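2 protein chains.
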Amino acid sequence: MNPPTSVRPVDAATIDGYTHETDVVVIGFGCAGAAAALEADAGGADTILLERQSGGGGSAALSGGEIYLGGGTETQQACGITDTPEAMESFLLAALGPGADAEKVSLYCRDSVAHYRWLVGHGVPFKPSLWESPTWVPPTDDGLMWMGENAFPFRDITTPAPRGHRVTSDGFGGKVLMSVLAESITTSGVTVHTDTGAAQLIVDGRRIVGVLARHFGEVVTYRARSGVVITTGGFADNADMVAQHAPQLVGLGVNSDGGDDGRGIRMAQAAGAAVKHMSAGQVGISLIPGMMVRGMIVNDLGQRFINEDVYPGLVGQAALFKHGLRVWVILDEQAYEEVPEIERWGVVPHFVAETVAELEREIGMPDGALQNTVAEYNRHAAAGTDPYFHKSARWLRPLQAPFAAIDVRKGIAPPEYGAAGGGGAEVFTLGGVCTTVDGAVLDLDGEAIPGLFAAGRATSGLHSWGYISGTSLGDGTFFGRRAGAAAADSCFHAP
Amino acid sequence: MNPPTSVRPVDAATIDGYTHETDVVVIGFGCAGAAAALEADAGGADTILLERQSGGGGSAALSGGEIYLGGGTETQQACGITDTPEAMESFLLAALGPGADAEKVSLYCRDSVAHYRWLVGHGVPFKPSLWESPTWVPPTDDGLMWMGENAFPFRDITTPAPRGHRVTSDGFGGKVLMSVLAESITTSGVTVHTDTGAAQLIVDGRRIVGVLARHFGEVVTYRARSGVVITTGGFADNADMVAQHAPQLVGLGVNSDGGDDGRGIRMAQAAGAAVKHMSAGQVGISLIPGMMVRGMIVNDLGQRFINEDVYPGLVGQAALFKHGLRVWVILDEQAYEEVPEIERWGVVPHFVAETVAELEREIGMPDGALQNTVAEYNRHAAAGTDPYFHKSARWLRPLQAPFAAIDVRKGIAPPEYGAAGGGGAEVFTLGGVCTTVDGAVLDLDGEAIPGLFAAGRATSGLHSWGYISGTSLGDGTFFGRRAGAAAADSCFHAP
Numbered sequence: 000m001n002p003p004t005s006v007r008p009v010d011a012a013t014i015d016g017y018t019h020e021t022d023v024v025v026i027g028f029g030c031a032g033a034a035a036a037l038e039a040d041a042g043g044a045d046t047i048l049l050e051r052q053s054g055g056g057g058s059a060a061l062s063g064g065e066i067y068l069g070g071g072t073e074t075q076q077a078c079g080i081t082d083t084p085e086a087m088e089s090f091l092l093a094a095l096g097p098g099a100d101a102e103k104v105s106l107y108c109r110d111s112v113a114h115y116r117w118l119v120g121h122g123v124p125f126k127p128s129l130w131e132s133p134t135w136v137p138p139t140d141d142g143l144m145w146m147g148e149n150a151f152p153f154r155d156i157t158t159p160a161p162r163g164h165r166v167t168s169d170g171f172g173g174k175v176l177m178s179v180l181a182e183s184i185t186t187s188g189v190t191v192h193t194d195t196g197a198a199q200l201i202v203d204g205r206r207i208v209g210v211l212a213r214h215f216g217e218v219v220t221y222r223a224r225s226g227v228v229i230t231t232g233g234f235a236d237n238a239d240m241v242a243q244h245a246p247q248l249v250g251l252g253v254n255s256d257g258g259d260d261g262r263g264i265r266m267a268q269a270a271g272a273a274v275k276h277m278s279a280g281q282v283g284i285s286l287i288p289g290m291m292v293r294g295m296i297v298n299d300l301g302q303r304f305i306n307e308d309v310y311p312g313l314v315g316q317a318a319l320f321k322h323g324l325r326v327w328v329i330l331d332e333q334a335y336e337e338v339p340e341i342e343r344w345g346v347v348p349h350f351v352a353e354t355v356a357e358l359e360r361e362i363g364m365p366d367g368a369l370q371n372t373v374a375e376y377n378r379h380a381a382a383g384t385d386p387y388f389h390k391s392a393r394w395l396r397p398l399q400a401p402f403a404a405i406d407v408r409k410g411i412a413p414p415e416y417g418a419a420g421g422g423g424a425e426v427f428t429l430g431g432v433c434t435t436v437d438g439a440v441l442d443l444d445g446e447a448i449p450g451l452f453a454a455g456r457a458t459s460g461l462h463s464w465g466y467i468s469g470t471s472l473g474d475g476t477f478f479g480r481r482a483g484a485a486a487a488d489s490c491f492h493a494p
Numbered sequence: 000m001n002p003p004t005s006v007r008p009v010d011a012a013t014i015d016g017y018t019h020e021t022d023v024v025v026i027g028f029g030c031a032g033a034a035a036a037l038e039a040d041a042g043g044a045d046t047i048l049l050e051r052q053s054g055g056g057g058s059a060a061l062s063g064g065e066i067y068l069g070g071g072t073e074t075q076q077a078c079g080i081t082d083t084p085e086a087m088e089s090f091l092l093a094a095l096g097p098g099a100d101a102e103k104v105s106l107y108c109r110d111s112v113a114h115y116r117w118l119v120g121h122g123v124p125f126k127p128s129l130w131e132s133p134t135w136v137p138p139t140d141d142g143l144m145w146m147g148e149n150a151f152p153f154r155d156i157t158t159p160a161p162r163g164h165r166v167t168s169d170g171f172g173g174k175v176l177m178s179v180l181a182e183s184i185t186t187s188g189v190t191v192h193t194d195t196g197a198a199q200l201i202v203d204g205r206r207i208v209g210v211l212a213r214h215f216g217e218v219v220t221y222r223a224r225s226g227v228v229i230t231t232g233g234f235a236d237n238a239d240m241v242a243q244h245a246p247q248l249v250g251l252g253v254n255s256d257g258g259d260d261g262r263g264i265r266m267a268q269a270a271g272a273a274v275k276h277m278s279a280g281q282v283g284i285s286l287i288p289g290m291m292v293r294g295m296i297v298n299d300l301g302q303r304f305i306n307e308d309v310y311p312g313l314v315g316q317a318a319l320f321k322h323g324l325r326v327w328v329i330l331d332e333q334a335y336e337e338v339p340e341i342e343r344w345g346v347v348p349h350f351v352a353e354t355v356a357e358l359e360r361e362i363g364m365p366d367g368a369l370q371n372t373v374a375e376y377n378r379h380a381a382a383g384t385d386p387y388f389h390k391s392a393r394w395l396r397p398l399q400a401p402f403a404a405i406d407v408r409k410g411i412a413p414p415e416y417g418a419a420g421g422g423g424a425e426v427f428t429l430g431g432v433c434t435t436v437d438g439a440v441l442d443l444d445g446e447a448i449p450g451l452f453a454a455g456r457a458t459s460g461l462h463s464w465g466y467i468s469g470t471s472l473g474d475g476t477f478f479g480r481r482a483g484a485a486a487a488d489s490c491f492h493a494p
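Chains X and F, in that order, give the protein sequences. Mind the numbering: the first sequence is residues 0 to 494 in numbering that gives the first Met the number 0, read in order. Mind the numbering: the second sequence is residues 0 to 494 in numbering that gives the first Met the number 0, read in order.
Wrong hints could be hidden among the right ones.
Each pair may be met inside one copy or between any two copies, as identical chains are not told apart.
Calculated pairs, SDA-like style, for lysine to any residue (alpha carbon to alpha carbon, straight line, at most 25 Å) [unchecked claim]:
1. 409 to 386
2. 321 to 388
3. 321 to 129
4. 321 to 169
None of these hints come from the bench; they were simulated from the model. Only a predicted model underlies this, so the values are computations on that prediction, with no experimental measurement involved.
Bound conformation, chain X alone (with noise of 0.2 Å):
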């Protein structure tokens, strides 16, 4: 018996009676794995969905609850939206990539109205109203979103649309999306079993014929007849992983539900699989996108180096992958009075100053750093344009005195935003096992690998480097089916 930690496939000849057989054991009760066992059982596959944790829940029931979804759902259509399926491909293979999988987002763009129906069909909520203003998730209960769709450069890429469908809840809605998928498991035939954490899979040659797992330190076994599915999320948890492969997001919060330790991952690359995108994550940083789209984000040289409009996790992957964190939001009064208060999120300036230069000295910037930026933008704002960075004219406006900054190393995320405990960014990883669009697990030489699927981020989903919010839940929960799926399909054809 290897050591606890070893991720080594155990020999099947070596198990001496399996202490469960099932067709199909799903691993990881996120949203991914509650989408792959409800299908498997759909699919008429007997199967167990195992949990470390003591419920499911998984990162998925902390998240904001977005769900990218569109091509003319009956959300968007309530709130007056056209789409097209078209529209949605291209905008998120231009938000994603390059190198987003375009097979994957073709599928999943194509089929997304069915797949919004199979969510709302569990009784996921989507309020039809619709938030207009760039946020991280809406401060109301609105259960439709930009995801800047409508801003540079997209909005000339594509015909935008709102397409962050978000999970109708009184703050976050991913544990109302949890609690309904959940709901449906009890209905279902799946077994659930929590307090058990999979260690190693257990392989026939090259096929993986089921999972050794500890209950309270306690070993048990599952013989899985057709197929194992891997869907026990990335890696952002554990630091050796991230140093390894992602070292942009080395020392960051961490944005889960602290067991993203990639465990699953390297189980299945143990067994052969091969991983991509692993140094990609997303990046939550500490700001108010309804304040820096009134004002600017610039870098600690005073710099500006975005459209403030655009999805605030693409400003902060800019932040943090091109500036290190080091930016600060300024605005002046009338853009942090035009803020509503309930979008405020209790956030106050850490400097307040009657000259730009005066703000400047405040934050420790070189003489004259921010005092052009800022003199640039006036004078082309007050013309209606952003030659630099084309921030949407409905936003520019010449910044007038008292000015104001925010510094967003700072962390003054409220609650809501989760701890953004380092640094102020809460990150976590994209990267993960290469599959098919059906959950196969793909091998060094691009072959499945026998009885082993994985879905959610465990695997490289939909993106590549980019990240919009949403892509997360909808990866997990799209591939997921499709993983289920097929590892039941499989049992009516295993050897």
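Mind docking chain F on chain X? Use the hints.
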């Protein structure tokens, strides 16, 4: 038998007699492979060196020939330079990190003088004269050069000393290095098999016991009684691997001999090896450092982003990773004239203008963008300071009409720089398999895979995200030697 494209290991039980038997097999005759083979031979092991091409050299033979060495080498002493291993270590940790392998860096610095002497002992020439100005490689035959040790922020971290030991040559020094090492191989006991491409490892359980290779289409098998050393280079020539692991390098020119296809990395992975830092890359861009340092480098919004006197590879990484290579060198006539003819490499500016406003328009920058930057640069330069990026006062002077601009993406590099065909940049990868300081390849559990060693760019060596020229040949020869010695040593301890 797996198809030729497969990297899946071959079970030793299926091998019906080996074509060749030896103690150590080294795969790849670049600088790491040559060093490994020489030390395995010196350690008393029967050693066969496999090379897919018709002769040795690898990418090393096409390189500039810089080897990063220090701590008080005889070449440094002859140039009047004082240095210590501690200062060298501080510089490398700062320049190659965060996340550089501290144990490898420490050992590399501590034993650097000894490694220098090993190289010189084999006949590697370093002319004891110093090239003073920032450059990719001296246009003269000088044997010592600065690698940005005297630029911000490094000059403030530790005592600066030039450590770029450039193999003396009438041009690029890599070919001289490799001809010297090849000559040593010839007079050693090492057997070289050229035109022999390693395809798969041969395994007995977890232990690596040999190599299956192809020689003009024929399968040849090697039994390695004590160890296999993979020194096959990086994966910059493998478009699929680049897309999967280093998406920021996609579509660029490649600096290699064309054989950096990552096969050795994948062979090791398929046998269980862990990899790290796969997204890291060196970025050589088409600019003349002597021109840039006397002027400035800006992005296409006219923003400066780095002090122009650092090692130009760091400028290249910033230009690609932060500005998508959309960068321009801006200089004035005096700066151009000051660059010695020999250092101009035939480069002529793309735009010349009497005013900055005119230059800005010709380039297509927003109105005011470059004007503000140059005015700000000149204002501070007149006072001898650069509060933005801390370029050394030596290079600061207000720029005066007429002005000129060089488009880095135009790929204007002369032949000596390589093709630089890919939009003005040539890259190579820095990630690879995880190894100990003795070259033992580690699996996902962090345990050595018995019988498997690796060195050079097939491994993740000294580097994390940063890169300084000379650390490739340095890492390859230094850790190649250690891997070869360890493989030889294990022949006296193998079970």
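Structure-based check of all given hints:
In this assembly of identical chains, the alpha carbons of residue 409 and residue 386 lie at most 25 Å apart only when taken from different copies (24 Å versus 31 Å within one copy). For a Cα distance limit of 25 Å, the shortest separation of residue 321 from residue 388 qualifies both inside one copy, at 16 Å, and across copies, at 15 Å. In this assembly of identical chains, the alpha carbons of residue 321 and residue 129 never lie at most 25 Å apart, being 32 Å within a copy and 34 Å across copies at closest. Proximity of residue 321 and residue 169 under a CA criterion of 25 Å is satisfied in neither setting, with 35 Å inside one chain copy and 39 Å between copies.
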